[in-house]
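Chains as they are written, first to last, in the numbering used here: chain X, 1 to 313; chain F, 1 to 248.
Because the hints were derived from the structure by calculation, they are not lab data. Glycine included, every Cβ here is placed at the ideal spot set by N, Cα and C. Be careful, since some hints might not be right.
[What the hints assert, rightly or not] Computed list of chain X residues with no C-beta within reach of chain F, every gap over 12 Å:
(1) PRO80
(2) GLU237
(3) ASP273
[Claimed, not checked] Using C-beta positions, here's what the derived DEER-type ranges look like:
(4) F:VAL216 / X:HIS6: 56 to 64 Å
(5) F:GLU240 / X:VAL275: 51 to 59 Å
(6) X:GLY105 / F:GLU240: 25 to 33 Å
(7) F:THR5 / X:SER172: 43 to 51 Å
[To be verified] If you want the footprint, here are the derived chain F segments under chain X, 3+ residues with CB under 8 Å:
(8) 3-11
(9) 58-71
(10) 82-88
(11) 157-167
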Amino acid sequence: MINADHLSKNYGPVRAVDDISFDIAAGDIVGLLGPNGSGKTTIMRMLTGFFAPTAGTCSVAGVDLVEDSLGARRHIGYLPENIALYPDMNVRGYLTFAARTRDFGGNVKQRVDDVMEECGLAHMARRTIGKMSKGYRQRVGIAQAIVHEPEVLILDEPTVGLDPRQIVEIRSLISQLAGRSTVLLSTHILPEVSVTCRRVLILDEGRLVAEDTAEGLTKKTVGKREAVLRLRANAAEAVRVLGAVDGVESVEVTATASDGTVSLLVAAEQATDLVPALVREVSERGWPLYEATPRVMSLEELFVKILEDGVGS
Amino acid sequence: MSRFTALLRRELRGFFGSPLVYFVAAVFLALSGYYFYTDLNAFITFGFGDSIVEHLWQRLFNDIVRVVLTVIPLVTMRVYAEEKNLGTIELLYTSPLRDGEILAAKYLACMCVFLVLLGSTVLYPAMIYYIQPFDLSQLKAIYLGLFMLVSTMVLIGIFVSSLTQTQLIAAMFTYGSVLLLWNLSWNEAALPTDLLGVISQLCAYDHFEPFARGIVELKHVAYFAALSLLMVFGTLRSMESRQWRGRR
């Protein structure tokens with residue numbers, strides 16, 4: 001449904017996207033993961049026909065974006081990063097405008113009603129967009145992307161700048177859409193792709209460095225070598241006791257809270273799940289335990305691991 | 001409703017839904033009314049019985065053009081600059097709309113504003129005609145010239161707006177451009193004699209002035225048409241520049 005073939009884009013002397021190829025099957029939900037400046041937005045702008053690639057080709061729903069940009073754009077719903085909407089229009093007016101400018105063939109009024117219902121905007125139909133909260137504006141952004149029933153949805157950082165409750169709502173909305181459209185979404189937040197996507201394309205400096213399933217990525221990011229513990233005990237004694245557990249290489253106090261709890265980072269000598277042994281030791285001592293988790297890697301650490309291991313690609 | 005009609009409606013809403021255009025219209029109507037009063041007064045005091053075209057309409061519409069030239073940048077400054085600044089242009093560029101359709105909708109919306117403003121000036125000759133009928137053919141030539149002049153200047157303003165994200169910069173450069181084009185050959189003594197012919201051919205005033213005298217000549221029509229086409233070409237290239245600049 002979405003095809004990129006040796007796609008490159010130069011901005012003057014700078015190569016923003018470097019020879020990227022991928023295929024996304026109909027109905028799939030795929031994440032583009034990478035730090036800021038890794039080329040995610042540039043790829044999305046090529047796939048939406050905003051601009052043409054410097055080299056390579058891309059197509060959406062079988063229509064080549066270079067040869068027939070206008071035809072391809074009919075199949076695409078796009079949510080740009082930091083969505084900008086006309087602040088003087090109300091929700092219904094804006095969605096009607098979006099449906100008409102994208103050649104929606106059916107009953108526009110009915111479709112706008114349905115989309116507002118689906119995106120939780122029905123009670124906001126007459127509200128001026130400029131007076132809405134960021135979370136609701138994002139909903140309007142998603143509503144305008146789906147109002148013409150596109151086969152392909154391209155969402156650039158759909159949860160950026162939202163509060164945690166809004167993030168959960170938007171993620172659930174995206175998951176509902178995945179059944180009907182093929183979805184490509186970008187993010188620089190590691191857990192986001194694991195929650196929302198089935199497959200992940202990992203970008204760094206304009207290159208595709210790895211490709212994996214969401215499950216595979218989760219396995220890679222959950223560190224086998226380190227565990228995070230928070231418990232109430234004497235810090236020095238906890239370091240001494242846990243340091244003596246089989247397989248533990250080092251114990252480091254990362255924080256001491258005013259409520260008397262200490263946070264510890266425990267590293268193993270080799271790749272092994274430390275958490276059960278550590279929990280057993282702590283409970284034998286009768287120390288109240290508040291947290292015990294394998295440490296999840298940051299995006300930066302994942303990149304280092306991918307580049308070092310060359311895995312997954 | 002076609003996608004173009006939807007786009008045009010959106011553009012018209014952008015103008016008539018914001019207070020700016022009403023302030024602009026108020027100032028325009030106040031100034032044009034003032035000029036009508038003073039020019040009519042001068043005509044009655046000094047030139048009654050002479051040609052009404054030469055002594056009233058020519059003078060009045062030259063005065064009105066000066067007001068129009070001041071107003072044009074305030075109307076055209078927002079058309080692209082505001083959309084680029086807000087970011088809304090990205091969704092237009094990724095909708096199945098041709099660049100030409102976007103430009104046409106923006107141009108037509110601007111012209112609707114000026115049709116309302118210039119349409120209101122018909123009241124002045126209508127009042128005179130009611131009291132003392134006169135030959136309308138010359139007045140038609142004046143309005144044709146005024147339409148061509150405003151249309152061309154609007155396209156200049158749209159082109160300038162397509163080059164920037166800042167409305168104030170768009171307004172200032174448009175004002176500078178239209179004023180320079182209007183006054184290009186105002187002091188012939190200051191211009192080199194061998195360039196005088198060329199500069200005079202580029203000066204908008206020299207091409208509008210025959211219309212103001214009631215004369216329609218093809219070369220003057222061609223001047224405005226050619227300049228308009230150049231601005232359309234420039235704006236379309238400016239829109240296309242996202243291909244290599246990678247920005248809105």
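Evaluation of the provided hints:
Some Cβ of chain F comes within 12 Å of the Cβ of X:PRO80; the nearest lies about 5 Å off, and the non-interface call is violated. The Cβ of X:GLU237 sits about 57 Å from the closest Cβ of chain F, beyond the 12 Å cut-off, so the non-interface label holds. Non-interface status of X:ASP273 relative to chain F is upheld: no Cβ of that chain comes within 12 Å, the nearest being about 46 Å off. At about 58 Å, the beta-carbon gap between F:VAL216 and X:HIS6 stays in the expected band of 56 to 64 Å.
At roughly 58 Å, the beta-carbon separation of F:GLU240 and X:VAL275 lies within the given 51 to 59 Å, and the hint holds. A beta carbon spacing of about 29 Å between X:GLY105 and F:GLU240 agrees with the range 25 to 33 Å that was offered as a hint. Look at F:THR5 against X:SER172: about 36 Å separates their beta carbons, and that is not inside 43 to 51 Å. Only residues whose beta carbon comes within less than 8 Å of a beta carbon in chain X count, and the region 3-11 of chain F has 6; three or more means the coverage holds.
For the region 58-71 of chain F, the stated coverage by chain X is violated: 0 residues have a C-beta nearer than 8 Å to a C-beta of that chain, whereas at least 3 were required. Counting residues of the region 82-88 of chain F whose C-beta sits closer than 8 Å to any C-beta of chain X gives 3, which meets the bar of three, so the coverage hint holds. Against chain X, the region 157-167 of chain F contributes 0 residues with a C-beta closer than 8 Å to a partner C-beta. That does not satisfy the three-residue criterion, and the hint is violated.
The structure does not agree with the numbered hints 1, 7, 9 and 11 stated previously, though it agrees with the rest.
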